[in-house]
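Engineer: What follows is each chain in one-letter form.
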Amino acid sequence: MTTTATMTMVQAINSALDCTMGSDPSVLVMGQDVGYFGGVFRCTEGLYSKYGAHRALDTPIAEGGIVATAIGMGVNGLRPVVEMQFADYIYPAIDQIISELARLRHRSGGEYFAPVTIRAPCGGGIRGGQTHSQSPEGIFTHVCGLKTVMPSNPYDAKGLLISAIEDDDPVMFFEPKRIYNGPFYGHGSGNTPGASSWAGHAAGQVPEGHYRIPLGKAATVREGQKVTVLAYGTMVHVAEAAISACGVDAELIDLRTLLPLDIEAIAASVNKTGRCVIIHEATRTSGYGAELMSEVQESCFWNLRAPIERVTGWDTPYPHAFEWEYFPSQQRIIDAIARTLTFD
Amino acid sequence: MTSSKSAAADGGNTTYTSKLHVPSASSRPGEIPDFSDLQLPAAGLTRKPDHDCDAAQTQDLATGLVRVLNDEGQAEGAWQPELSAEQLVQGLRHMAHVRAYDDRMFRMQRQGQLSFYMKATGEEAVAVAQAMALSTDDMLFPTYRQQGLLFVRGRSVVDMMCHCISNARDNCKGRQMPVFYSWKEGNFFSISGNLSTQYSQAVGWAMASAYKGEDHIASAWVGDGSTAESDVHNAMLFASTYRAPVILNVVNNQWAISTPQSFAAAGTTFAARGSGYNIPGIRVDGNDFLAVHAVTQWAAERARRGLGPTLIEHLTYRVAGHSTSDNPDAYRSETESDAWPLGDPIERLKQHLIDLGAWSEEQQTTLERELKESVTSDWKEALSYGSLEDGPHWPVSTMFEDVFKHMPAYLRRQRQQLEG
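Chains as they are written, first to last, in the working numbering: chain A, 4 to 347; chain B, 150 to 569.
In short, the hints are calculated from the structure, not lab data.
The structure displayed is predicted, hence computed values, not measured ones.
Ideal placement from N, C-alpha and C gives every residue a C-beta, glycine not left out.
Hints should not be assumed to be uniformly reliable.
What the hints assert, rightly or not - To spell it out: a stretch of chain B is covered by chain A in this simulated footprint if at least three of its residues, at any positions, have a beta carbon under 8 Å from a beta carbon of chain A; those stretches are:
#1 169-177
#2 238-250
#3 475-481
As the list claims (entries may be wrong) - With beta-carbon atoms standing in for the labels, derived distance ranges:
#4 A:Glu114 with B:Gly540: 58 to 68 Å
#5 B:Asn476 with A:Thr7: 53 to 63 Å
#6 A:Gly203 with B:Gly540: 32 to 42 Å
#7 A:Gly191 with B:Ser526: 47 to 57 Å
Claimed, not checked - Selected chain A positions facing chain B (Cβ under 10 Å, derived; list incomplete):
#8 Ser29
#9 Gly38
#10 Ala56
#11 Arg58
#12 Leu81
#13 Phe89
#14 Ala271
#15 Ser297
#16 Glu301
Bound conformation, chain A alone (with noise of 0.2 Å):
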């Protein structure tokens, strides 16, 4: 028997954190501004407090020393939890979790592990020019022997993240930061149809105990019968304020976890459908949609009715003042169903 309470997806992650911290002493968050100021987005707030100075630890400012030190940590029997303060500053670190984080396992014959677990904040929508608002999940699915996570709710976020620091894997786990005080539809005068703050949304209670949301299942967010939409983190929402707006009986799956990819629920929903639309806020060229339409296609095409269409971001930096003409946007979305119907 467990209470849930209201939450945002900063304090389900927060939670998280604390039930996982409390049961675990081998577990501790590291990162830069996570200590005494509790990061900041607030994620780990009052975890110095609750847990100390050692548990909730301040790190300087080097992301491929913070990871490199993570490894080392988790080879040592400790379970660290690291922030990225935000996603776009994680390429100091790329070596250290793609040679080395990411294939330890597999290069000491099974002998090594770093059960590692990388937060990081992603995605626009907050004025935050190129170097705070980036998706770089398609460079992290495209590496051997990490799991990449991107929750769109707090429920998901607090069961998912449970789930990756107690996986004994390396996991990257990406938090919308648009989505983390409440949902967000997309920019302008469209469609708004579910609630305006976590605590109107049925996802925003959230247990205040522990449990955990399987890596690698995806969530149905809609069910329909003529066209099948995937997406994840923040555009999961655009996605279905968008189906709402056009009325078309489609179907919405929330990924939740990209690697191991869920393709045993896309493949029924699509085999059923015949059609696909795939949204991502990141860059199109080589981003993950690219990784689903094979997917999708390997696995449906004798069902296919349409060509599989791509909602993504622009092959451009993202640009501080064209934020919302960047972002997918509802009517993007709805041009895209649109068109994979003008197929029989």
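Since the structure of chain A is already known, use the hints to place chain B on it.
Structural biologist: What follows is chain B alone, placed relative to chain A:
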């Protein structure tokens, strides 16, 4: 299997008694600020070494402190720069201009006119004195807190504002966040949002200058916190190896957002870090306009004579928050900036000029009023070219330009999709 412990394996019953050392801060909210660790020699005592010295001959300077202005505002010792009263007044004017600009922009952010802003309050002397000590042909690789360089080099304040509000006159074409200026005409490099990445690029620029047999030097800046990035190691090793004509500055303003300098300083000074790379290191009172100018001139002379890099640590204090996104009262004592022992750079230069008989309190009051009026008028003009929310901006389609020199077909197709 492995020796790694998982929660499942031991049921989470293990407890640890940590022996890890975690550094402390100069103060946290509710505490009395403590800067007693700082050893501050009196002004004028620190010797000035020969330009062709090596790192071993600057050990005392790397852990000491070059100070010229004493507590009464008088200049003392071997490091006094040869600056006329007119030049000093110009320096004072630039610093006050930066402060007036910062105040205006900070308030405009609070009113929603900017998405973000970062002030340099309390550390204006670093950028202003350094820019005045360098030649205009020298290349600048700043961080986001050296806006003073632009004022000295004569950047139009209206143009700076237009950048910060991403309007149709923004020379960065609406692509960058506020304060990440770029100004090629002024030899001011495009600021990245990522920390310390340009520190080692500055070394490469300087290597090219030496390669071409030119006399231009580069100057680069990082904060105390950013010295932790490996780019700083790369910069120092390459600069030393190739004796690059570059000045490597560390602006130690005590705080990296909420993280104190103790998380990067490793219990010693940042200037001392030059020693292992055989780069002469000098720590200077960063709130002393004269000292910063003199040390910069010394380092520039070394670089220009082919004697290689110098590492300068500017001991200063970040009076404001890191940016408009944080409230410093949440992580340090509200009285900490008052307790900072090296004072305010504008106040100290003003006292010196008054002591010289070249300035007065009345002139200072008039100057500050004029600068406030000037930035108010500049702001109005900047807004006349467009605001962040309402524009006009650059045409949206221009976001596809400059990804490459020539736009490939796939980007032209995306541009067409955007334009419908």
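Engineer: State for each hint whether it applies.
Structural biologist: Status of each hint after checking the structure:
A count of 4 residues in the region 169-177 of chain B with a Cβ less than 8 Å from any Cβ of chain A is obtained; the coverage claim is therefore met, three being the minimum. By the rule of at least three residues with a Cβ nearer than 8 Å to a Cβ of chain A, the coverage given for the region 238-250 of chain B is violated, with 0 such residues. Coverage of a stretch by a chain is defined here by at least three residues with a beta carbon nearer than 8 Å to that chain's beta carbons; for the region 475-481 of chain B and chain A the count is 3, and the condition holds. Distance hint check for Glu114 of chain A and Gly540 of chain B: the Cβ-Cβ separation is about 60 Å, which falls inside the suggested range of 58 to 68 Å.
Between Asn476 of chain B and Thr7 of chain A the beta carbons are some 31 Å apart, a value that contradicts the proposed interval 53 to 63 Å. A C-beta distance of roughly 33 Å is found between Gly203 of chain A and Gly540 of chain B, which places it inside the suggested range of 32 to 42 Å. Range check, Gly191 of chain A to Ser526 of chain B: about 34 Å between beta-carbon atoms, so the 47 to 57 Å window is missed. Contact between Ser29 of chain A and chain B, as hinted, is supported at the beta carbon level, the nearest pair being about 6 Å apart and thus within 10 Å.
Interface restraint check for Gly38 of chain A: the shortest CB-CB distance to chain B comes to about 8 Å, inside 10 Å, so the restraint holds. The interface hint given for Ala56 of chain A holds, since its Cβ lies 4 Å from the closest Cβ of chain B, which is under the 10 Å cut-off. With 10 Å as the threshold, the beta carbon of Arg58 of chain A comes within range of chain B, its nearest partner Cβ sitting at about 8 Å, so the hint holds. For Leu81 of chain A, the suggested interface contact is upheld, since its CB lies about 8 Å from the closest CB of chain B, less than 10 Å.
Interface restraint check for Phe89 of chain A: the shortest CB-CB distance to chain B comes to about 9 Å, inside 10 Å, so the restraint holds. Given hint, Ala271 of chain A at the interface with chain B, is violated; its Cβ is 31 Å from that chain's nearest Cβ, farther than 10 Å. Evaluation of the Ser297 of chain A hint against chain B yields a violated restraint, the C-beta minimum of about 18 Å exceeding 10 Å. With its C-beta approaching chain B no nearer than about 24 Å, Glu301 of chain A sits outside the 10 Å limit, and its interface hint is violated.
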